[in-house]
Amino acid sequence: MAFSFFGGIHPKENKRYACDRQVQDFPEPDILVIPMAQHIGAPCKPLVKKGDVVTMGQKIGDNQGLCVPVHASVSGKVKAVEPRPHTSGTMVMSVVIENDHLDTLCEDIQPRTQEEVEKLTAEELMNIIREAGIVGMGGATFPTHVKLSSGLGKVDTIIVNVSECEPFIVADDRLCQEYPAEMISGLKIVMKILGLNKAHIAMEDNKPAAAKALKAKLDPKEGIVLDILPAKYPQGAEKQLIYAVTGKEVPSGGLPAAVGCAVFNSATCKAIHDAVYLGMPLIRRIVTVSGDICMEPKNLMVPIGVSFNELLEAVGTRENPYKVLSGGPMMGAAQYDLAVPVIKGSNAVTILGIKNKYAVVQSRCIRCGKCIDACPMGLMPVLMYKSTYTSDPEEMKSVHMLDCIECGCCAYTCPASVPLVLAFRAAKQRIRDAAAKK
Amino acid sequence: MAQMKYFYELTISSSPHVHSPVTTRTIMRDVVIALLPALIGSVYFFGLRALMVTLVSVAACVLFEWGYCKLTKTNCKVYDLSAVVTGMLLAFVCPVTIPYWTIIIGAFFAIIVVKMLFGGVGRNIVNPALAGRAFMMSWALLMSTWVKVGFGNTPILGDTSMEALDGMTAATPMSFMHQGVLPEGVSALSMFMGNIGGCLGETSAVLLLIGFVYLLVRKIITVRIPLSFIGTVAVLTFLFPQGNERLDWMVYQICGGGLMLGAIFMATDYVTSPVTKMGQVVYGIGCGVLTVVIRYFGGYPEGVSYAILIMNCCVVLLDRIGRPKKFGAPKKVKEVAKG
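Protein chains in written order, with this note's numbering: chain W, 1468 to 1905; chain L, 7 to 345.
Treat the hints loosely; a few may be bogus.
Unchecked claim - In silico DSS-like links for lysine-lysine, alpha-carbon gap of 30 angstroms or less: (1) W/Lys1895 with L/Lys331; (2) L/Lys225 with L/Lys76; (3) L/Lys154 with W/Lys1853; (4) L/Lys79 with W/Lys1479; (5) L/Lys83 with W/Lys1853; (6) L/Lys332 with W/Lys1512; (7) L/Lys332 with W/Lys1864; (8) L/Lys225 with W/Lys1621; (9) W/Lys1479 with L/Lys283; (10) W/Lys1586 with W/Lys1544; (11) L/Lys331 with W/Lys1824; (12) L/Lys225 with W/Lys1479; (13) L/Lys332 with W/Lys1621; (14) W/Lys1822 with W/Lys1864; (15) L/Lys225 with W/Lys1822; (16) L/Lys225 with W/Lys1905; (17) W/Lys1715 with L/Lys83.
None of these hints come from the bench; they were simulated from the model.
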């Protein structure tokens, strides 16, 4: 075991804001906006129209291909089916539901007993996971059933990612403290599907309470190992995590399955448990609402579709927010419209105050080389940035632009505050555009 | 929209949204702090004129950069303190007797010609302070008037020419060593402590090493360049002692001249040194070899500044070696003979 990776940084963790706050149920909102695109792949087609009455957990969107369905998070009436702002910054077709506050459950939702679950085949389990709309809940939102079916026969190591290396976010930490049994149960279902009898749970050493809660539920005979890794950003990045746990490097441009690994987020495991045992589709998730100007940071069990506005109201802010991020401060996306809803991949809403503004005062590269030491992918951001002066895709590819995981270590550490990640995102888009033209 | 409850002016930007507290300005501030022990030492050894020369040099550098930005209507970045560092280093490589007008010309060359005309901070090819010194060598006599160590030996204002200082001047240890002999009456301890003749800020190895430790602790620089630079000089002078006692010769060579100042503060200048670890080591070795070659065979007794200037020009090439191994790149499989 390698236990760590090269490069990386130690940003101020700021976990203390919310790490001791128990997960609370979010008070049922009146209006929910449920986007049809909450995963990587083809967006869903709405299955309901304006005026329809929907029940909690009812499927309201689905599509063919690389896609998982979306479900109504509450019961009520469909108010509109129209494009609405989305955390990705674009307008996305969404179903707007007016909550009737009755929480009428959909008839399809039937719990299963332990015996029933044990009889299910891998095929059936994967179908349940797909129908429950489960995606990778760490933020990447890759459909879980696809990851499972493509990993069949190739994967020999399952890793549950509880690293949560982003500052402020404690959603997975809280999940492991409050739902350890559910998470481990979900993991066992994954192990059953992939036909493996061992798995790793990888956690950073800054979550002792979560580690204790998990250890209490782990039976050493079951083959699940808890790996405590040193806290370093980006420990939770898939490739870095696999390297830290197994010592294997995912080849450039390859998938984790290439080295026999599959990584699942802890929240995904709990969602799998809920889908299989309770029959409950993915309609709510734990969201850390935190930030340096929050009056009362919270961990909330939020129905999918609640707007950021309501989350901000729930925590209160001391001053006007400077930035509101979907996700953490290292990789989160800044939002311009707080009407955007919580989606399946939203693990946190981070609210930053004006004192974070100094980070955008930019000067020139002084060639200190700190970015090279920080890059967990072994790249040379200083040369990559130079290559973006040209618009030549070949030149940009030659410095391994496409290997960049946009973790933000280089831009964080850059003393001149050069907007490296911004430049690399634009460059990668340019390379993709050029490839598409050919 | 009915849902919109708040109307904030939200800022949109690419991630990351937090930043390390280390900025160019804090780095330069740390370098200035690291140079302070040597500055205090030079005041102790050479009198208040050392402080005056440094202040004039710093003021000239800052004013030239500010003026250039105002004239060309470009964004002025004087607040990053890099001009202050250049000013201090420029003063440190001049004799304390240097007339103020000369150092102002040196500052002009360093800041305007070497730094700003190449595009300002981060764009210069050679170290501005060393290039300024090289330019000031046009006044060779002024740049090689060495006074004896003593607080009151040099007037703060007034004539500092060789004639006016009659009786106060003395050859530096380096000029003895250029002849291939150890300096008479100068102990190894004096070489280390710095009560010897020489440029204003370069004489005291111990005070420069204190600054070195500070920079290491603050993680501003690594040991790679200074260690490979000084190490190479040590090895070469130990191997070729020019007929002297090996160990003595090595110690005098290491503590003498501008080696410590150059290796710790000049060769490590981010802008003009390689970014790769391997490149930095090769750069340091190159500086060391050139220093010894110039000291042994050159016309000047001292070679550190020219060694660094020459190696500055090789940085583009040195950046190509020792690039880090990309994560996920195929490893080079070594064929292992079986049997």
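Hint by hint, here is what the structure shows:
With a CA separation close to 21 angstroms, the supplied pair W/Lys1895 and L/Lys331 stays within the 30 angstroms bound. Taking the CA atoms of L/Lys225 and L/Lys76, the gap is about 34 angstroms. The hint is violated against a cut of 30 angstroms. Using a Cα cut-off of 30 angstroms, the hinted pair L/Lys154 and W/Lys1853 is violated, with the two alpha carbons roughly 50 angstroms apart. Of the supplied pair hints, the one linking L/Lys79 and W/Lys1479 is violated, its CA atoms being roughly 38 angstroms apart against a limit of 30 angstroms.
The straight-line distance between the Cα atoms of L/Lys83 and W/Lys1853 is roughly 21 angstroms, inside the 30 angstroms bound, and the hint therefore holds. Only pairs whose Cα atoms come within 30 angstroms are accepted, and L/Lys332 paired with W/Lys1512 is rejected, the gap being roughly 41 angstroms. In summary, the hint linking L/Lys332 to W/Lys1864 is supported, as the alpha carbons are separated by about 13 angstroms, within the 30 angstroms threshold. For the hint linking L/Lys225 to W/Lys1621, the alpha-carbon distance of about 44 angstroms lies beyond 30 angstroms, and the restraint is violated.
Pair hint W/Lys1479 plus L/Lys283 holds up; C-alpha atoms about 27 angstroms apart against a cutoff of 30 angstroms. Annotation: proposed proximity of W/Lys1586 to W/Lys1544 is violated, straight-line Cα distance about 37 angstroms (limit 30 angstroms). For the hint pairing L/Lys331 with W/Lys1824, the CA-to-CA distance comes to about 35 angstroms; that exceeds 30 angstroms, so the pair is violated. Note on L/Lys225 and W/Lys1479: the hinted pairing holds, with a Cα-Cα distance of about 18 angstroms set against a maximum of 30 angstroms.
Between L/Lys332 and W/Lys1621 the alpha-carbon distance is near 25 angstroms, which keeps this suggested pair within the 30 angstroms criterion. In summary, the hint linking W/Lys1822 to W/Lys1864 is not supported, as the alpha carbons are separated by about 36 angstroms, beyond the 30 angstroms threshold. Distance check on the hinted pair: L/Lys225 and W/Lys1822 sit about 25 angstroms apart at the alpha-carbon level, within 30 angstroms; holds. Note on L/Lys225 and W/Lys1905: the hinted pairing is violated, with a Cα-Cα distance of about 47 angstroms set against a maximum of 30 angstroms.
For the suggested pair W/Lys1715 and L/Lys83, the alpha carbons sit about 45 angstroms apart, so the restraint of at most 30 angstroms is broken.
Of the numbered hints stated above, those contradicted by the structure are hints 2, 3, 4, 6, 8, 10, 11, 14, 16, 17, listed in ascending order.
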